[in-house]
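Student: So the chains spell out like this:
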Amino acid sequence: MDRVLRQPGEHPDRTMELTRRMFLHKSLLAGAAAGVASAGWFPWLNTLDLAFGAEAFKFVWVSDSHLYPKTLNTRFVDKVTRAMKEVQAMSPPADFLIYGGDLAQLGDPVELDLGAEILKEVTIKKVFIPGEHDWYLDMGMKWEKLFGNSSWTFDHKGVRFIGLDTVSRGPDYWTAKKMTPKERMGHMATLDGSVAGSWAGVGRDQLLWLSTTLSNWPKNRPVVIFSHNPLYEYYPPWNFWVRDWREVHEVLKPFTNVTNIHGHTHQVLYNEIGKMRSIGMLATSWTWPYAPEGVPTLTKCKVRVDPGDPFDGVGWSKLTVSAAEKLENDYVMWRKDILGETPWDSGCADNANQILSPRLADREWPYYGAYK
Amino acid sequence: MKRLRKMRTILGASLCLLLVVASGQNPAFAHKAKHTPEQLKAFEQAFLEQVKVGDLLFHGDGDTQKRLDVTLSNTGMACAMCHPFASDTHPYTFPKFQEQVSKFATLRDMINWCIEKAAEGEKIEDDSEAMKALETYIYWSTRGSKLEPGTH
Chain A
59 MDRVLRQPGE
69 HPDRTMELTR
79 RMFLHKSLLA
89 GAAAGVASAG
99 WFPWLNTLDL
109 AFGAEAFKFV
119 WVSDSHLYPK
129 TLNTRFVDKV
139 TRAMKEVQAM
149 SPPADFLIYG
159 GDLAQLGDPV
169 ELDLGAEILK
179 EVTIKKVFIP
189 GEHDWYLDMG
199 MKWEKLFGNS
209 SWTFDHKGVR
219 FIGLDTVSRG
229 PDYWTAKKMT
239 PKERMGHMAT
249 LDGSVAGSWA
259 GVGRDQLLWL
269 STTLSNWPKN
279 RPVVIFSHNP
289 LYEYYPPWNF
299 WVRDWREVHE
309 VLKPFTNVTN
319 IHGHTHQVLY
329 NEIGKMRSIG
339 MLATSWTWPY
349 APEGVPTLTK
359 CKVRVDPGDP
369 FDGVGWSKLT
379 VSAAEKLEND
389 YVMWRKDILG
399 ETPWDSGCAD
409 NANQILSPRL
419 ADREWPYYGA
429 YK
Chain B
-1 MKRLRKMRTI
9 LGASLCLLLV
19 VASGQNPAFA
29 HKAKHTPEQL
39 KAFEQAFLEQ
49 VKVGDLLFHG
59 DGDTQKRLDV
69 TLSNTGMACA
79 MCHPFASDTH
89 PYTFPKFQEQ
99 VSKFATLRDM
109 INWCIEKAAE
119 GEKIEDDSEA
129 MKALETYIYW
139 STRGSKLEPG
149 TH
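Chains as they are written, first to last, in my numbering: chain A, 59 to 430; chain B, -1 to 150.
Treat the hints as calculated values from the structure; they're not laboratory data.
Mixed in with the good hints there might be a few duds.
Unchecked claim - Lysine-lysine pairs mimicking DSBU-like chemistry, simulated, CA-CA at most 30 angstroms apart: (1) A/LYS235 <-> B/LYS64; (2) B/LYS144 <-> A/LYS358; (3) B/LYS115 <-> A/LYS240; (4) B/LYS115 <-> A/LYS143; (5) A/LYS128 <-> B/LYS144; (6) A/LYS236 <-> B/LYS64; (7) B/LYS144 <-> A/LYS240; (8) A/LYS240 <-> B/LYS121; (9) A/LYS358 <-> B/LYS121; (10) B/LYS130 <-> B/LYS115.
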C-alpha cells in the first residue's frame, strides 16, 4: 500500500541523510567501567534536518516496558529501571523524556503504579502517550489519572511536538459478547488475536484536533509526532497499523518536515510515505519478529535476537538535535550490533520462508479466552 | 515345468498367509481400504482439535495448562508473545544444529529450550499430550512454508 502512496516526487525533505557510523558507546551507568563490560555498539544514526535555527537539545524515547506485578516477574522491571538510570545519568541531561505507551502488560493498576514509580527515577520533564496494554482494563481511567490527557502538543526550541493517541478509539467489540474487563484486556494484549478486530485508530475527533492544532504552524517548520502505533499500513493481522492512517496523512500532507516516532512494533523500522518519515523504536521488554510481509523497504533490519538473553534486541532511543540542526537517533540497544550485516544475521531474513496462518482458537467461542 | 513353478508360487503364498493368520497378526489389509469421507472428516477433526489445544497452550491459557498438568511459564510470558502466529519458530528447518543448545536438535528440543530458558517454565515430556499439541499448532500455523531441514 505504501508503494501506491509513495508517488514520484513525493518524499521527505532530502536534507535528511541516512548514515552508517560506528562508534563505541560509553556506558551511561554510573560506576560502570566505561566502554568495557557494558559497552555496546551504536552503528546506526538517522540523521535528518529537523529545525530552523533550533538550539541544540536532546530528548529520549522509552516505551513498551509491559510491566507485570513484581510478584510475577521482575525481568521487565529490571530493564526499564536500567533505561531510567541511563537517562537520568545523561550529561548534559535530555530536555524531556517521551514514554511511548505499553507501560503495563494487562492494564493492572499495580502495573501502572509500578511503572509510574520506576519513571520517577528520571527528574527531567516527562510526557506520555498510551498503549493498548495500558488502556483496556478500565478504558484508560487509571492511566489518565496518572499521566494526564492521552493527546497533547507543545513547542520546543523551534519544533512542534504532538502526542497522538492511537489506542483509545477501538471499536466496541466487547459489549455484545458480554466480555469482562479482564477478558477485553486479555484480547487486546494478544498481538496475534483477532477478536478485537482492527482496533488501532486516530478517530475523527482527534483528526479534527490535529488539523486545528497545526493550522497556525508554518508548513515548512518541523513537526514531530509521537504515536504508539506506526502511522502507516504495516501488517494488519497483528494490528501494527493505524486503520485511518490515510486520513492522518491527508492532514499532514501540506507539511514538508514531518517525523513520526512510534513504538508498539518492538522493531527497528524506517519508512517514508509522502513527505513523512517514520522511525520505529525498540521496546525495553522483549522483541517481536518482523512480520512475514510489509516490512518497509527502506528498513535496515536489526540482527536476529537470542531469546535466551532478556537484554538482547531491546532498549531505548536517544535523540539529539545538534547545533547543525540535525536530529540523530541512536538506538540504545544493550546487546550486540544492532543491524544484520548478512542475510543469515538479519531478523528480516527469517521472514523469507514463513507462511503464517491466523489463529483458529479465536474463531470458535468455546475456545476463546487465552490470557484469562 | 511352467505349471509346476506356478503351483509352487501358489503353495508358497498360501503358506505365508497361513503363517500370518496362525500367528494372530493382522495382515495389514486396513491400508488397502479406501478412506470414506466420514473417515477423512474424523481425521481432520482429530488434527484440528490438537491445533486448538496447542494454540491455547501457545497463547498461555491457564485452564489448558492445568488440565494437561504442565507449567509452560512462571513469568506470565507466553510462547505467542515472542512468536505471534508461531512466526520465527521455523519448524520446517528442523532437525538442525541449534546454537542455543549446542547440539543437533529437533523441534521438540527447541520447544523445551524456550519453555525453560525464555519462559522460565517446566520442561515437558517429549511424548506428552502438551508437546504433541504444541508441535501440531506450530506445524499448522506455518504450513505452506517450504520444507528446508538443516537450514536457519
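Student: Each hint needs a verdict: does it hold in this structure or not?
Tutor: Verification of the hints:
Proposed proximity of A/LYS235 and B/LYS64 is supported: the alpha carbons are some 25 angstroms apart, at most 30 angstroms. Only pairs whose Cα atoms come within 30 angstroms are accepted, and B/LYS144 paired with A/LYS358 is accepted, the gap being roughly 25 angstroms. Between the alpha carbons of B/LYS115 and A/LYS240 the distance comes to roughly 28 angstroms, so the proposed pair stays at or under 30 angstroms and holds. Using a Cα cut-off of 30 angstroms, the hinted pair B/LYS115 and A/LYS143 holds, with the two alpha carbons roughly 27 angstroms apart.
Between A/LYS128 and B/LYS144 the CA atoms are separated by roughly 42 angstroms; this puts the pair beyond 30 angstroms, and the hint is violated. As the CA atoms of A/LYS236 and B/LYS64 are separated by approximately 25 angstroms, the hinted pair is consistent with the 30 angstroms bound. A distance of roughly 39 angstroms separates the Cα atoms of B/LYS144 and A/LYS240; the hinted pair therefore is violated under the 30 angstroms criterion. Taking the CA atoms of A/LYS240 and B/LYS121, the gap is near 29 angstroms; set against the 30 angstroms cutoff, the hint holds.
For the hint linking A/LYS358 to B/LYS121, the alpha-carbon distance of about 36 angstroms lies beyond 30 angstroms, and the restraint is violated. The suggested pairing of B/LYS130 with B/LYS115 holds, with an alpha-carbon distance near 20 angstroms, which does not exceed 30 angstroms.
Consistency note: the structure conflicts with the earlier hints numbered 5, 7, 9.
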